[in-house]
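Visitor: Sequence:
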Amino acid sequence: DGGAPCEVADFDQPGTLPALVERIGPDVVVNAAAWTAVDKAESEPEAAARANTQAPAELARACRARDALLVHYSTDYVFPGDGHRPYGEDDPTGPLGVYGATKLAGEQAIAAAGARHLIFRTAWVYAARGGNFLRTMLRVAGERDVLRVVADQVGTPTPAWL
Numbered sequence: 001d002g003g004a005p006c007e008v009a010d011f012d013q014p015g016t017l018p019a020l021v022e023r024i025g026p027d028v029v030v031n032a033a034a035w036t037a038v039d040k041a042e043s044e045p046e047a048a049a050r051a052n053t054q055a056p057a058e059l060a061r062a063c064r065a066r067d068a069l070l071v072h073y074s075t076d077y078v079f080p081g082d083g084h085r086p087y088g089e090d091d092p093t094g095p096l097g098v099y100g101a102t103k104l105a106g107e108q109a110i111a112a113a114g115a116r117h118l119i120f121r122t123a124w125v126y127a128a129r130g131g132n133f134l135r136t137m138l139r140v141a142g143e144r145d146v147l148r149v150v151a152d153q154v155g156t157p158t159p160a161w162l
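Counting along the sequence shown from 1, when you hit position 114 you're at 114 in full-length UniProt numbering, and nothing is skipped either side.
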């Protein structure tokens, strides 16, 4: 079919990732995988940590070993949420829950591994397709006369194509 071969990575078994990176031999690894069930992370912290902390750490060590660039997607949940402006990369972190804590620990593990890396902290991801807040609000606006949503949050929407 002309498509590229696909390799499956099991982020629930982080120890398998270095062998996968070695077998493929990439120059760049893009990690967009994560445990994203924010509320469920509170009751399943070990699973969240495997995907959000341990797996990125293993990828970073594997990338360091072969001098590959690691591009890693993180989240604004690493911040405490009390800001009144969009956060910058040097702002102090302070996650309020397990999800944010595991994502921050993943970022820290990547940095500690010494791999070349880029970390994108995304928030309010939106796209023309799929589920997201913007599409939901547009749909609900067509169904209801009045919308009730929080009005005290500040964020930086991230396009999915990033």
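Treat the hints as calculated values from the structure; they're not laboratory data.
Quantities reported herein were computed from a predicted structural model and do not represent experimental measurements.
Check before you lean on any hint, since a few could be wrong.
[Claimed, not checked] Here are the in silico distance ranges between beta carbons for each label pair: (1) E7 with A127: 23 to 31 Å; (2) G81 with T136: 19 to 27 Å; (3) A32 with G81: 21 to 29 Å.
A virtual CB, placed ideally from N, CA and C, is assigned to each residue, including glycine.
Visitor: Does each hint fit the structure? Answer for all of them.
Guide: Here is what the structure says about each hint:
For the pair E7 and A127, the beta carbons lie near 25 Å from each other, so the given range of 23 to 31 Å is met. Against the hinted window of 19 to 27 Å, the Cβ-Cβ separation of G81 and T136 comes to about 21 Å, which satisfies the hint. A hinted range of 21 to 29 Å for the beta carbons of A32 and G81 is consistent with their spacing of about 23 Å.
In summary, the structure agrees with every hint in the numbered list given earlier.
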